[in-house]
Amino acid sequence: MNFSYHIEGGNFSRAGIASSEVKKILKQLNVNPTAIKRVVVALYEAEVNVVAHAYEGDVHVDISPEGVTVVVDDRGPGIPDIPLAMQEGYSTASPEVREMGFGAGMGLPNMQKNCDELSIESEVGKGTRVTMKTRFNA
Amino acid sequence: METFYHALKVAPGTCIGCTHCMSLCPTRAIRVVRGMAVIDKNACVDCGMCLKSCPRQAIYVAQDDFNQIFQYKYRVVILPTVLFGQFAEEVTEDQIFAELHDMGFTHVIEAAQAYGVLAKATRRYMQKHAYLRPFISAFCPAIVRLIQVRFPALLEHILPLKQGMDLAAIYARRKFTAEGVAPGDIGIFYVTPCAAKIAAIKSPVGEDRSDVDGVINLDFLYNKIQLGLSRHRDNPLPPVPEQTYLSPDAIAWTLSEGEASNFEGRCLAIDGIHNVSDILEKIENDELLDIDYLELRACSHSCPGGTLTVNNRFLTIERLRKRMQGVTDNPRTCPNDIAGDEEYLIANGRLHEEIPPRSIDQLDENFVTAMQKMEKINRIMEVLPRIDCGACGTPSCHTLARDVVQGKAKLSQCVFMQKLLCRESLMTAEESMELSEQTWGEKRFEQ
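So the protein sequences, as listed, match chains A and B.
By the count of the working numbering, the first sequence reaches residue 138 at its end, each step adding exactly one.
By the count of the working numbering, the second sequence reaches residue 1447 at its end, each step adding exactly one.
Every clue listed holds true.
In silico EDC-like links for lysine to aspartate or glutamate, alpha-carbon gap of 20 Å or less:
id : chain 1 : residue 1 : chain 2 : residue 2
1  : A       : 24        : B       : 1365
2  : A       : 37        : B       : 1287
3  : B       : 1282      : A       : 21
4  : B       : 1376      : A       : 21
5  : A       : 37        : B       : 1365
Every beta carbon over 12 Å from chain B, so not counted as near; a handful from chain A, in silico:
id : residue
6  : 6
7  : 9
8  : 11
9  : 56
10 : 103
11 : 112
Derived by calculation from the structure, the hints in this document are not laboratory data.
Just so it is clear, the structure is predicted and the values come from calculations on it, not from any experiment.
Note that CB positions come from ideal geometry on N, CA and C, so glycine has one too.
Extracted from the complex, chain B is given alone in its bound form:
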């Protein structure tokens, strides 16, 4: 099986295998082995629930070296709307733009500039392919991956359209190439509010390579901007006349309801990956009919709740709403050039390849073997305590039974089973200890 790039990593020295992440993971991708969380690459959808649930900050998001931007002459940074929501109100957008130039970027583009084009492309696609209702937005890469692994029957409903970040990158590359810049001199970087967008850039779904060259984590960039702001407090940077006009709709796109409110018909906006799973179950069962458009986001409150955001998500939303109001009160005159390239972007904004299923549910390719395995799981379930304590290093009794049948775990990992075996003199205290060490690591028992 091919492997998938994931940005979420576990820090060996810091993780104590506390199981918080393991019980919250929506695809049950995490096990505790030798006292440390291990993430299954085939099941992980990069939603970042593990990172958010970790009480020790032992889960982190890997990132590219910032200095890679200097390999390029044209250093373009694409910003997510939520970046501005990270700052206190007194920090102006102009200051942020100026800081980005000061740290080395030559051009700043907001991904939101492309949302008008995306809305139009979406409307056209939906009109042409009405038989594929309900349409599922491809906005959130964690949701696309969730559908691949858990709801493969719904893949055909995903809108095969590139998102704002990609459209902005295509636009920038085209623009500078037309100005005579050598393609090798253009480096395009996306500032990501979450791990899922990194995965979408490093191992894109539905296309062979991303239009973006590299990723910068939002929390890292936030610190860099803050540092610059305090350094330039007494000596402010000159403003950069680069900010383009963004409509309130474009600013709202990454907020909950921001997409759904653009389209006709019955459009639902769902955020939070467990809520999304519930809705997808219903769609899959045909319990919910007559839905036209589904805006599905993995994080609570969508991107303001992203794994790499710094500010409280309610405050982020407040700041973005104020920005929307500001646009209405005092519109900027600098035009949004991306709109001028609309037809080119729509024509080049389709995903080239189909989104493949990656089902993690099946027990075996072969039906009869799968059925035998299921019968074994059911037999094992009869002896397990069904309290889902996690002490075996798997998230639930059922997962342990499944892992046992798949040859990935031993039934005796269960502490109840160990007690029973000890009572019947089928296991010694030393053997039981050894098993516990395999799950929790030797250090755990060293006091």
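Only chain A is shown next, with the shape it has when bound in the complex:
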């Protein structure tokens, strides 16, 4: 089953809409709460990343009996050095973004922690695609 959500860059008040919707769906499917939490936390981080860094993005969620695959595609600056970005505490967020309580450099590490497979493809100046797979019975 597929669901899609659009994310607006710079609009922090709407960050978390996709993760809330996905949570509602997974609850209805009787998925165990631990798996729901992992999916929701990882997706929320991904949403905040798009809002904080990109112009816009789209979330595609595919739900199957095995688990959830989330693809987050954005149009934005891209990530020049992915291994560096994966380090805890590393952040390129602007002071304005940090003032709002985001940009602590925990986004990508948190996403990695909360999914079973994470892959990031990025082209500087174009955008980033993050793919996260979470299995229900991991």
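Add chain B to chain A, keeping to what the hints say.
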């Protein structure tokens, strides 16, 4: 599935199925069938939003017969703090105590007497189980039930502690038993400001039976006291030297911030059940970290806004604040004996059982079946108008789609669908009328 006791009832002759309650219910537990609101027992959390929203007073709170108190020799009444807030300032606490004795109670205890003990028990539990942060207070039974049905993943954060009413009851029973009174002679009654506390006594969560024997609705008792006060106006009752010293903190406990202000760390106080749902969503998503304690109350302004209160809640709060001030200016000397039983109460104040989840969100136990049902719901949503008018007898188009998939409703209940079917000659005007009668009752169309 086991059924749950609910005190909220719909009066058949009075309810016209106006849908006010249906659209406000935080768990979407209400449908209109044959012109009357019907509450789903598995989804209802006893918050009382339906009662507050009803323009016809068709929703009421069932209560025990008052005369049951006379089955007991020791008739103990436990009072919520907000009781005093119901009265005008010239009515003194002494007068209220005297009236309670006059109507038949032998002992009066305020639930607030136990809050010092509860605060201590809470602190100890939090210290020992720090890994379970954020702690959620079990104070409001409607919130505990809301978490059971809508946020089962957060159940482990609820403090498994008995509340003031139960602690006061344990204290009273222990005290009189120690004095040699036969347990069967002791009857303990709680005066409730809301429907949720009644449900908590009739079908408690986390314990097999409540420590309280019966419930008296606050509005009923208020009338009884008022009646007594006017009867004794020219001939005042002698005062009963029973009032114990209550600290301002104890009096404030049932007000918003009354719990949260007692504890260290980041403590939030949220009132209003829809506000509470918003916060619980955030907690569940890990959007809010570093919270230590959550005081969550279903009613706006907490207990002063209870479903069975009589006075305006702002005036209730004003009166209670004055009482707090009065305690500071002029402390009573009669000691609070409950504090003496502190260790016993802390040891016996834990909930015995786990709080079980009662999720109402899942479409099916089986994932694949649930997914098929969800796909059907999504298909149905494409043809529904999405205006959530309520004319089908469910609170929203999505709820109708869900009910259809669960076999609880027909898609043709939707008036838009009926119009479409009539236009395509797939439904006659009579059939459409019949469907409307099923939702709104035959009487509705009788003019």
